[in-house]
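Residue numbers (the UniProt record's numbering), protein chains in the order written: chain G, 1 to 334; chain P, 1 to 334; chain E, 1 to 334; chain R, 1 to 334.
Treat the hints with care, since some could be wrong.
The list treats identical chains as one, so a pair stands whether inside a single copy or across any two.
[As the list claims (entries may be wrong)] Here are the computed lysine-lysine pairs in the BS3-like style, where the Cα-Cα straight-line distance is at most 27 Å:
{"#": "1", "residue 1": "Lys245", "residue 2": "Lys93"}
{"#": "2", "residue 1": "Lys245", "residue 2": "Lys201"}
{"#": "3", "residue 1": "Lys319", "residue 2": "Lys132"}
{"#": "4", "residue 1": "Lys93", "residue 2": "Lys142"}
{"#": "5", "residue 1": "Lys201", "residue 2": "Lys319"}
{"#": "6", "residue 1": "Lys201", "residue 2": "Lys142"}
{"#": "7", "residue 1": "Lys245", "residue 2": "Lys132"}
{"#": "8", "residue 1": "Lys132", "residue 2": "Lys201"}
{"#": "9", "residue 1": "Lys319", "residue 2": "Lys245"}
{"#": "10", "residue 1": "Lys319", "residue 2": "Lys93"}
{"#": "11", "residue 1": "Lys142", "residue 2": "Lys132"}
{"#": "12", "residue 1": "Lys245", "residue 2": "Lys142"}
Think of the hints as simulated: they come from the structure by calculation, not from any bench.
Since this is a predicted model, take the numbers as computed values, not measurements.
Protein chains: 4
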Amino acid sequence: MTTRFAVLGAGRIGQVHARAVTSTPGARLVAVAEPHAAAAEAVATAYNCDIRTIDEIEASSDIDAVIICTPTDTHADLIERFARAGKAIFCEKPVDLSLSRVRACLDVVGETGATLMVGFNRRFDPDFMAVKAAIDAGRIGKVEMVTITSRDPGAPPYDYITRSGGIFRDMTIHDFDMARWLLGEEVETVMAAASVLTDPKIGELGDYDSVNVILRTASGRQAIITNSRRASYGYDQRIEVLGDKGALSAANTHEANIQFAGEGGFTQPPLLNFFMTRYTAAYANEIAAFIAAVNAGATPPTSGEDGLLALALAEAALKSVAEDRAVRVAEILG
Amino acid sequence: MTTRFAVLGAGRIGQVHARAVTSTPGARLVAVAEPHAAAAEAVATAYNCDIRTIDEIEASSDIDAVIICTPTDTHADLIERFARAGKAIFCEKPVDLSLSRVRACLDVVGETGATLMVGFNRRFDPDFMAVKAAIDAGRIGKVEMVTITSRDPGAPPYDYITRSGGIFRDMTIHDFDMARWLLGEEVETVMAAASVLTDPKIGELGDYDSVNVILRTASGRQAIITNSRRASYGYDQRIEVLGDKGALSAANTHEANIQFAGEGGFTQPPLLNFFMTRYTAAYANEIAAFIAAVNAGATPPTSGEDGLLALALAEAALKSVAEDRAVRVAEILG
Amino acid sequence: MTTRFAVLGAGRIGQVHARAVTSTPGARLVAVAEPHAAAAEAVATAYNCDIRTIDEIEASSDIDAVIICTPTDTHADLIERFARAGKAIFCEKPVDLSLSRVRACLDVVGETGATLMVGFNRRFDPDFMAVKAAIDAGRIGKVEMVTITSRDPGAPPYDYITRSGGIFRDMTIHDFDMARWLLGEEVETVMAAASVLTDPKIGELGDYDSVNVILRTASGRQAIITNSRRASYGYDQRIEVLGDKGALSAANTHEANIQFAGEGGFTQPPLLNFFMTRYTAAYANEIAAFIAAVNAGATPPTSGEDGLLALALAEAALKSVAEDRAVRVAEILG
Amino acid sequence: MTTRFAVLGAGRIGQVHARAVTSTPGARLVAVAEPHAAAAEAVATAYNCDIRTIDEIEASSDIDAVIICTPTDTHADLIERFARAGKAIFCEKPVDLSLSRVRACLDVVGETGATLMVGFNRRFDPDFMAVKAAIDAGRIGKVEMVTITSRDPGAPPYDYITRSGGIFRDMTIHDFDMARWLLGEEVETVMAAASVLTDPKIGELGDYDSVNVILRTASGRQAIITNSRRASYGYDQRIEVLGDKGALSAANTHEANIQFAGEGGFTQPPLLNFFMTRYTAAYANEIAAFIAAVNAGATPPTSGEDGLLALALAEAALKSVAEDRAVRVAEILG
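Here chain G stands alone, though its shape is the one from the complex (with noise of 0.2 Å):
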């Protein structure tokens, strides 16, 4: 069977997606929707199909599935017309910054019994995902610590902070869902310290820079995760799970796999820099997923709930901070 797509949103992760739909078996891109016409037309070129508006793409017979690609402050509402609309969704995370919209979207969706997908793209890394089945085949026994890093080469531009809900929600959010996914069970308490340590504007801007969150589940699990939004070194993203048996861990992605020996010592060339180059293969198997649960019509692997709950995590650890307190998560969830 193929499954006809469409996505919403021709910017950077949206050609993305056009072309892992395209390359991908057992699925077709129908149409794009953009209000660029440039970049509208750029993509249904190299990809061959139609463009159409968002209007027109909810009302078409042609199209089974959508790719929202749209700005994060659009998403609940195309989630809940597409819902509606009887497509099948998946959705950038995050659903929305406030939990309550995302709680009441989620809700729509639950009503219509659409399928959604959220993505949270670290889980397809090939590497994690290694780490993750080494887990389940029971490598390292029982999961007891979590150890992830998490740094970025470079802060966002101001503007984005100020439109990003703020570190936690923007940054930490996916180490939160990489927490949930490795420690096998839910998080029951969040405590989190935050610095503004690599430019004072941040700060200004209500933001921080430098966090360390600790996350305890019932049984005493815990995982640290460490973040910066500046790393001279590029683009640090690394996991580490301690069980009775044994450890896992996943290595950075550096732009080539050679050394260089000279006087001054061996050097090794820096990491891969950019999310969408460091997470390539990520992205087209998360897409890979996602096809293949339409296409057997069983529950996608990330949900509309993993969206929500990694949201709650953040807002314990804002909570946390500003009240220099360990928060448990069910302050937030209610």
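Since the structure of chain G is provided, determine the placement of chains P, E and R on it from the hints.
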């Protein structure tokens, strides 16, 4: 501009190249030729192209270039036919197992002025390209010594061994090409030692499975190549280059960039174990380079001459083993 | 000049320090004190020194300095006695498990003007010293974040756990000292989470086996410490420091610097698995630093104050766990 | 039991061995012989031993064993004298640069029944020992191929080169010994290529600075050795062994086990850059092995025969270069 392609042969490598053509901007796959109907059909369906006979392709005015993926003993004839037909030609190495046949074929190519690229996929591996780029950028100064380690996970079928021309013409030939590429100077003398260590049957078939070769250029630069038909730990592909200002090396590629730590020590996954998996990016880059050369009317980066000279080094190595002495390449090339 | 030493206590660590004194130019081992006659005799024979009682050593005019390797609960008393006796003193951490007792003891030391070094062996590990030297040389600019991973191969005997003061005072205390040393700024707040994951009996004894701690300085620098009493893969000791210009890290030390490659992948030997083996060089360097300080009449590199402050961080961590909140170090130090 | 030693020669290596004797249980340093009074005095003071002449030591009844650290051209004579005097003898390689002189000397040793150990320090390096132990434990099955990379940071003084016997007798000789040790079978044929690449003056002195060698045993096992007198990145000492069940390798040793990550990539410190620093543990282990053999009345682990055979491989390599052919070791040994 768009170059229109036909792929001759729809076996393993033909499929890889068909996909590469399809996914490269500036190229279009028009036809495939393949005697086995099912294989032809599979490619035609997957990449939406015609099925034509080789004769038809030769006569097709809507085809500018061919990619020859047929059995080795047809390469030279096909190169000559398509050179005369005015098509650009990509041919997987080798042109032929006989040096004189290669020479005759290249003469025809020369007379017709046809564009010919002989595929040495390893030159297009991203890691090896990064090493070469660093050499060309002067990072290690003048090249002095090259070390190439190249081991197959296991020997090919006996049947293939009898047709392959032997380990030097079939396996070491890739390393001879790498050595020429990295030394930056033509090889003058060849010394080789050969043994049968992994399977006596290989010896009974007149071949070797374990060889070491020393190459020497006129100025005294040297390369060593170490080959085995068996490496229990996988497809071992490493290069190392010493210059007066430093050394460069490319390491092996593992299945995943992860590590397990347990009672027995620290373990990384096995190597990518199959040449088509290990060199996926190399095959795609190789075809992209051919397409770029054809579109630009430029000389492709690997030539028929490269195929000839690598084969001459294989002949010299065989003679060195037979006569237990250093053999000058000039003795082979005449 | 030569400083004349006595070693108090001929247990494991006493023997290590006796050997260090003997093999260091500028130092001479004059006597050992040890209640177990056989142990005393062994050291006296091996290093050609006298056996004397502690009282005799206190009264000996041919002894300039003592190295205290007796049980923890004797440390503070012995420090006071030998400070009053005018000897230079090296004492293994901790001075005492009680903050007020430590304070009282340091007061005595201060009054007498005695030279006191409290041993934090890890500061003298060659790899950690290399990291610190690179920080001090400005290699990574301003320090922002420190990550310390410290896991023991297995828990100590239950009996020891009851006397140890708990994981924060016994194990994390080393990491607290490392964090202070690497942060380059005093810690202001402590957040800690603690679990019992490896053995419920440890919980019954009132201790934890798995803890994570976040430390924060006044300027916002942060350190995270992750500890476990069990790591099936060995004695895990790593540090990592992020600065505005780069990051530095020290990796684990394996039994040998070799690799096995086989069907199951690539394996390196386990870690040096015992603190005295892992930190052999550190123990020797530590005593050499003390000898150098005494001979030069200089202040030793680690002080009683360092011992006090590390203990205060342990107290703060305990309070943080008990009260589920961030604890200011000022609350502890008063 | 305690063996009483004299060290002949108080140069660099004599001092190292004097310290090794002093710090090894079961051994006592009684005397040093050294024509330079200051050097003799320094050792006598540091290790509390007598200064005696070689004649006196030969006649001393309180000396059981000698360690010969005098210039190479005195080795054979001293071995003969002390063999006749009934002392156990440790001599740094080589016994002599002339094969016939070595043979004559070993004949004398044989007649006297003296215990002789010829030092090949690398066999006592902890990492190389771990590789050998794993081979002997059957970890990689049957040995097939050995790869030895051995590069000096820089060439020795011209003056030394003229006296050294050339690169094969002075430098490669260590690798010849390692190859014999790791192959587990005697070498039958030698092929070598030699160039002058780092300094033309070395060629004018009749020597080479860049060589590659292939060794082949009767059963077809092979070893390759790659040497250079210059490696800008330091003292490069690696081994790698392929067997039918896997491969083992020992990596280089860096100044510290740390890493810097910055804009230019990831950097580890240079290699330990001087043979006495790189092989500190090896030198100590070597002397300990000699002492253990003498105390046990056992045959030392490296013999005069080992010295002879390594030298024969050097001769064969020289002949191979001169005649551009594979040379059988039997041609050399007669």
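Exercise. Which holds for lysine 245 with lysine 93 at a C-alpha limit of 27 Å: within a copy, between copies, both or neither?
Worked result: neither (34 Å within a copy, 31 Å between copies)
For this session: With 27 Å as the alpha-carbon cut-off, assign the pair lysine 245 and lysine 201 to within, between, both or neither.
Result: between (46 Å within a copy, 19 Å between copies)
Problem set entry | Intra/inter-copy verdict for lysine 245 and lysine 132 if alpha-carbon distance must be at most 27 Å | This pair counts as within: shortest intra-copy Cα distance 15 Å, inter-copy 29 Å.
For this session: Tell me, please, which holds for lysine 142 and lysine 132 at an alpha-carbon limit of 27 Å: within, between, both or neither?
Result: Answer is within; shortest intra-copy Cα gap is 13 Å, inter-copy 36 Å.
For this session: Tell me, please, which holds for lysine 201 and lysine 142 at an alpha-carbon limit of 27 Å: within, between, both or neither?
Result: between (43 Å within a copy, 18 Å between copies)
For this session: Have a look at lysine 319 and lysine 245 and pick one of within, between, both or neither, based on CA distance no larger than 27 Å.
Result: Neither: 35 Å inside a copy, 31 Å across copies.
For this session: If the cutoff is 27 Å on CA atoms, where do lysine 245 and lysine 142 land: within, between, both or neither? Let me know, please.
Result: Result: close within a single copy only, 7 Å intra versus 32 Å inter.
Exercise. Using 27 Å as the alpha-carbon threshold, which applies to lysine 93 and lysine 142: within, between, both, or neither?
Worked result: The answer is neither: 29 Å in one copy and 34 Å across copies each exceed 27 Å.
Problem set entry | Identical-chain pair category, lysine 319 with lysine 132, by Cα at 27 Å | Neither: 30 Å inside a chain and 35 Å across chains, both beyond 27 Å.
Problem set entry | Intra/inter-copy verdict for lysine 132 and lysine 201 if alpha-carbon distance must be at most 27 Å | Result: close neither inside a copy nor across copies, 38 Å intra and 30 Å inter.
For this session: Pop the pair lysine 319 and lysine 93 into one bin, within, between, both or neither, using alpha-carbon distances up to 27 Å.
Result: This pair counts as within: shortest intra-copy Cα distance 22 Å, inter-copy 38 Å.
Exercise. At most 27 Å between C-alpha atoms: does lysine 201 with lysine 319 qualify within a copy, between copies, both, or neither?
Worked result: within (22 Å within a copy, 34 Å between copies)
Figure legend: structure checked against the earlier numbered hints; hints not met, in rising order: 1, 3, 4, 8, 9.
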